Amino acid sequence: AQSVTQPDIHITVSEGASLELRCNYSYGATPYLFWYVQSPGQGLQLLLKYFSGDTLVQGIKGFEAEFKRSQSSFNLRKPSVHWSDAAEYFCAVASRNTGNQFYFGTGTSLTVIP
Amino acid sequence: KAGVTQTPRYLIKTRGQQVTLSCSPISGHRSVSWYQQTPGQGLQFLFEYFSETQRNKGNFPGRFSGRQFSNSRSEMNVSTLELGDSALYLCASSWGQGGETFGSGTRLTVV
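Chains as they are written, first to last, in our numbering: chain A, -13 to 100; chain B, 4 to 114.
A couple of the hints might just be wrong.
[To be verified] Examples of chain B residues lying across from chain A (beta carbon under 10 Å, computed):
hint, residue
1, G6
2, V7
3, P11
4, Q40
5, F48
6, F50
7, E55
8, N59
9, F63
10, F72
11, N74
12, G87
13, R110
14, L111
15, T112
[Claimed, not checked] Taking lysine-lysine pairs in the DSBU-like style, the calculated list, with each CA pair at most 35 Å apart, reads:
hint, chain 1, residue 1, chain 2, residue 2
16, B, K60, B, K16
17, A, K54, B, K16
18, B, K60, A, K54
19, A, K47, B, K16
20, A, K35, A, K47
21, A, K54, A, K35
[Claimed, not checked] Quick partial rundown of chain B residues pointing at chain A, CB under 10 Å, derived from the structure:
hint, residue
22, R18
23, Q20
24, V35
25, Y38
26, F53
27, F67
28, E85
29, G99
30, G102
Rather than coming from a laboratory, the hints here were simulated on the basis of the structure. Treat the numbers as computed from the prediction; the structure is a model and nothing was measured. All C-beta atoms in this analysis are idealised placements derived from N, C-alpha and C, irrespective of residue type, glycine included.
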């Protein structure tokens, strides 16, 4: 069965510090991989996605993620966090063959302290 | 260009009633998906429509249904509402499999 695990429910970082959010997935084959961000009361915004090729993916707002096949992981990173990055972050996977059916992790809530 | 538009933004219904939610995708997008977001279950896939046909379906009871029109607009219907149906319902559209664009959602409260 497909599943996405985000081990950290909540993370607190200081502004300017680096950030890494973890994501592990269980899937029959290498899926498409995504990271989304959600601000309170809002929909989800796509940060970045991995389909194939270079395993280090650059996204918007200075985020990047690295796909590691051997670890079934797709961790999200940012070198220097800004207060506006405080939000909920979701990792998601989708099959390469069956259209747009996304499986989401439970999310990681990020708090940024000054 | 306009994003994904969901109406209404907020809705309060009584148990046993039915509700219809609407989603207008980004122009040119033919795939529309629906998700339910709750604090307890997180984000769960309901169904996906592509060119007016249901292409994928999640694990929800038959009370949850949807449809897509020729202009790609989609509606989702929930019949015989239960308290547990209270959630944020998110619609997403995409042109292919490039990553979906989400709307701001409809907050449904069942009382």
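Against the structure, the hints:
Interface hint status for B/G6: upheld, as the beta-carbon distance to the closest one in chain A is roughly 9 Å, under 10 Å. Below 10 Å, beta-carbon pairs count as interface contacts, and B/V7 has one with chain A at about 7 Å; its hint therefore holds. The closest approach between the C-beta of B/P11 and any C-beta of chain A is roughly 14 Å, which is over the 10 Å cut-off, so the hint fails. Interface hint at B/Q40: satisfied, since its Cβ lies 9 Å from the closest Cβ of chain A, which is below the 10 Å cut-off.
Proximity of B/F48 to chain A holds as hinted, the smallest CB-CB distance being about 5 Å (cut-off 10 Å). Evaluation of the B/F50 hint against chain A yields a held restraint, the C-beta minimum of about 9 Å falling below 10 Å. Proximity of B/E55 to chain A is violated relative to the hint, the smallest CB-CB distance being about 14 Å (cut-off 10 Å). About 4 Å separates the beta-carbon of B/N59 from the nearest beta-carbon of chain A, less than 10 Å, and the hint is met.
Of the supplied interface hints, the one on B/F63 is violated, with its beta-carbon coming no nearer than about 13 Å to a beta-carbon of chain A, more than 10 Å. Checking B/F72 against chain A: minimum C-beta separation of about 18 Å lies over 10 Å; hint violated. Taken as an interface hint, B/N74 does not check out: its beta carbon lies about 19 Å from the nearest beta carbon of chain A, beyond 10 Å. A least Cβ separation of about 18 Å between B/G87 and chain A goes past the 10 Å threshold, and the interface hint is therefore violated.
The beta carbon of B/R110 is positioned within 10 Å of a beta carbon in chain A (closest approach about 8 Å), and the interface hint is therefore held. Checking B/L111 against chain A: minimum C-beta separation of about 14 Å lies over 10 Å; hint violated. Of the supplied interface hints, the one on B/T112 is violated, with its beta-carbon coming no nearer than about 14 Å to a beta-carbon of chain A, more than 10 Å. This hinted pair checks out: B/K60 and B/K16 have alpha carbons roughly 25 Å apart, not beyond 35 Å.
At roughly 46 Å between alpha-carbon atoms, A/K54 and B/K16 are farther apart than 35 Å, so this suggested pair is violated. Distance restraint check for B/K60 and A/K54: the Cα-Cα separation of roughly 29 Å lies within the 35 Å cut-off, and the hinted pair is therefore satisfied. Pair hint A/K47 plus B/K16 does not hold up; C-alpha atoms about 38 Å apart against a cutoff of 35 Å. Restraint check for A/K35 and A/K47: satisfied, since their Cα atoms lie roughly 14 Å apart, inside the 35 Å limit.
Only pairs whose Cα atoms come within 35 Å are accepted, and A/K54 paired with A/K35 is accepted, the gap being roughly 14 Å. The beta carbon of B/R18 is not positioned within 10 Å of any beta carbon in chain A (closest approach about 24 Å), and the interface hint is therefore violated. Hint status for B/Q20 relative to chain A: violated, with the closest Cβ pair at about 24 Å, above 10 Å. Proximity of B/V35 to chain A holds as hinted, the smallest CB-CB distance being about 9 Å (cut-off 10 Å).
Satisfaction of the interface hint for B/Y38 is found here, the shortest Cβ-Cβ separation to chain A being roughly 8 Å, below the 10 Å cut-off. Interface hint status for B/F53: upheld, as the beta-carbon distance to the closest one in chain A is roughly 6 Å, under 10 Å. For the restraint placing B/F67 at the interface with chain A, the shortest Cβ-Cβ distance is roughly 15 Å, beyond the 10 Å limit, so the hint is violated. Of the supplied interface hints, the one on B/E85 is violated, with its beta-carbon coming no nearer than about 23 Å to a beta-carbon of chain A, more than 10 Å.
With a cut of 10 Å, the hint placing B/G99 at the interface with chain A holds, because the nearest CB-to-CB distance is about 9 Å. With 10 Å as the threshold, the beta carbon of B/G102 comes within range of chain A, its nearest partner Cβ sitting at about 5 Å, so the hint holds.
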